[in-house]
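Enquirer: Chains A and B, in that order, give the protein sequences.
Counted from 1, the first sequence has number 202 at position 170 by our numbering; the numbering is strictly sequential.
Counted from 1, the second sequence has number 326 at position 322 by our numbering; the numbering is strictly sequential.
Honestly, the hints are just simulated from the structure, not real lab data.
By construction, the Cβ of each residue, glycine as well, lies at the ideal position given by its N, Cα and C atoms.
Accuracy of the hints is not assured; some may be wrong.
[Stated by the list, open to error] Chain A residues, not near chain B, derived (Cβ > 12 Å throughout):
1. Leu50
2. Ile213
3. His215
[Stated by the list, open to error] Just a few of them, taken from the derived set where beta-carbon distance is under 8 Å, the chain A residues facing chain B:
4. Asp38
5. Arg71
6. Val72
7. Arg190
8. Ala194
9. Val204
10. Asp205
11. Thr208
12. Gly209
13. Ser214
14. Val216
15. Tyr217
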Amino acid sequence: MAKHPDETRLALYAGDDLGWWDGRLLARHLRDCDACAARVAAFRRTRDDLALLNEMPPEVHWGGLSVEMRANIRLGVEAGQAVAVVPARLRRPGWKPSLAMATVVIAALVGWLLYFPRPQAPSQDPLQIVLGATPESIEMRQGESALAVVHAGVQDVRLTVAGARAVQARYVDAETGNVTISHVYAE
Amino acid sequence: MPILLTVLAGLLAGQDILFQPPASVKVDLPKDAPLALVSSEPGESRATARGGALVLDLHMTLTFRNLSGRGIRGLTLLVLAQEVTPGGKASVSVPSLNAGPNETVPVRVDLRLLRPLVRGEGPLVQVALDGVLFDDLSFYGPNKLNSRRSMTAWELEARRDREYFRGVFRAKGKEGLRDEILASLGMQAKRSSISVRVAGRGRSTAVEPERQVRFAFLHVPGAPVEPVYGVAKAAGNAASYPVLEVENRSGRDVRYFEMDWIIRDREGREFLAGTIPSTEAGQALKPGKKAVAAYTKSLEFAAADRPVSIEGMTSFVSLVEFADGGIWIPSRPFVSDARLRELSGASPEEERLTGLYKRKGLQALIDELNRY
């Protein structure tokens, strides 16, 4: 039996983050090693569970942090440019400062092209589970997947967002004749 | 544990698993509860594996008997598949009941819940009693979901609307009542439908630049609190952080209030977006003092699958709870306003009464109005 891969490589493989070649080698190993295959399966279960529990702590706002970090990087670049300005009469600039400046400009340009917020670019975490109310049902949505949590089969259902925590569905139950009000809670 | 093993074995074999009472569903009632469980029919309830989650399709009928010596006007059940996972927790309320001592109450549970595929032991779904409202407006239950407040408000609306329809019948007879019911059904059919997505905190898209929109307010006669200022951020079809400041104009301490939130699009159409609750600070709002209602999430709106471009916002006071537990709701003349009725719709009781007319006719409705 070949040497077992370490936990890090197994975790990377479970998350599809291992390189292509390494991944093929590890896949071959997994075909013959139940112990490692079980570990990979456990990593995948944990990842799925985390996805279900994906609601980030409210105080961590990744979008905001990302914008802040980009702003800091730009600020740093601009500060670097400001510091790099040397009076011409003191010293004739050589080719090295020009090259450095060109590099900074190119980096800034690439950064701007990559990160400048464009219209219709969704900033929402695609893994975030969101609760919604359509005219027919309450649904949980994650990325492009949606799951109705109050049935569309119920007739004349009235759906409203009830506060910050829940969506409400109200209908007259055809079987009992009673008004039935269901709430599905987001947290 | 046996039920989980059965479920897992079935799911591994790629099957839907039909619920088996009582192992699949556990109904917990306190020993001193005014209700007893008579029967639990799982119907076509089933569990299905989807990815790492178990989807529980519930189509249950639970029947309870009123063990108290009083009439029951409403009850709320907590339905729990998993406490932490979004979509794992729900509630089912049945207002507008008239269940006398020893009578039975059927409660239909039509929900879909989620729970992790391989987690925990015991039943797949737990049902617990959150509260029972009696005909004297007294309450029993742990009230973890604040169902006392909701059920009292629904009961007050029911009394208001029953009295209104009785008044129409006394003044205009059968034909007048029929006209009123038909007008209500017409209004319910015209109600604007809108899709709303609760999209977490802050903006969710960058389609249009964000701007501040100030709220307009509808004056509600007799309302204990009055809005004085309100603003929200809007960008395209997304609205976030609505903040409303209200002043207590009554002479009583206020514990909680809710504001209904209406949005207007660029074509002038209006939709009821939802309710904005007051922040529950734990301290009562004293007479003459101001407090804030706020919503910390972003909402996205669409009508007929097209985004609704938000142009304006309107709000009005829809519920006030006093510190002594008393509840205030808007009067019938206020909610009878045609514009508002198309937005807010009928009360639960009005929907039940008009539904009764549709199913059983005018005489059944008159008999029902004369019952209590």
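Enquirer: For every hint, state whether the structure bears it out.
Expert: Against the structure, the hints:
In this structure Leu50 of chain A is separated from chain B by more than 12 Å, as the shortest Cβ-Cβ distance comes to about 21 Å. With a least beta-carbon separation of about 4 Å from chain B, Ile213 of chain A fails to lie farther than 12 Å from that chain, contradicting its non-interface assignment. Distance check on His215 of chain A: its Cβ comes as close as 5 Å (rounded) to a Cβ of chain B, failing to clear the 12 Å threshold; non-interface status is violated. Hint on Asp38 of chain A is violated. Least Cβ distance to chain B is approximately 25 Å, over the 8 Å limit.
With 8 Å as the threshold, the beta carbon of Arg71 of chain A stays out of range of chain B, its nearest partner Cβ sitting at about 16 Å, so the hint is violated. Hint status for Val72 of chain A: violated, given a least beta-carbon distance of 15 Å to chain B, over 8 Å. The criterion of a C-beta within 8 Å of any C-beta in chain B is met by Arg190 of chain A, whose closest approach is roughly 6 Å, and the hint holds. Contact between Ala194 of chain A and chain B, as hinted, is supported at the beta carbon level, the nearest pair being about 6 Å apart and thus within 8 Å.
Of the supplied interface hints, the one on Val204 of chain A holds, with its beta-carbon coming within about 4 Å of a beta-carbon of chain B, less than 8 Å. Because the closest C-beta pair between Asp205 of chain A and chain B is about 5 Å apart, less than 8 Å, the hint holds. Annotation: interface hint on Thr208 of chain A holds; nearest CB of chain B at approximately 5 Å, less than 8 Å. Given the 8 Å rule on beta carbons, the hint for Gly209 of chain A holds: about 7 Å separates it from the nearest Cβ of chain B.
Nearest Cβ of chain B to the Cβ of Ser214 of chain A: about 5 Å, under the 8 Å cut. The hint holds. Below 8 Å, beta-carbon pairs count as interface contacts, and Val216 of chain A has one with chain B at about 5 Å; its hint therefore holds. With a least beta-carbon distance of about 5 Å to chain B, the hint placing Tyr217 of chain A at the interface is held under the 8 Å criterion.
Of the numbered hints stated above, those contradicted by the structure are hints 2, 3, 4, 5, 6, listed in ascending order.
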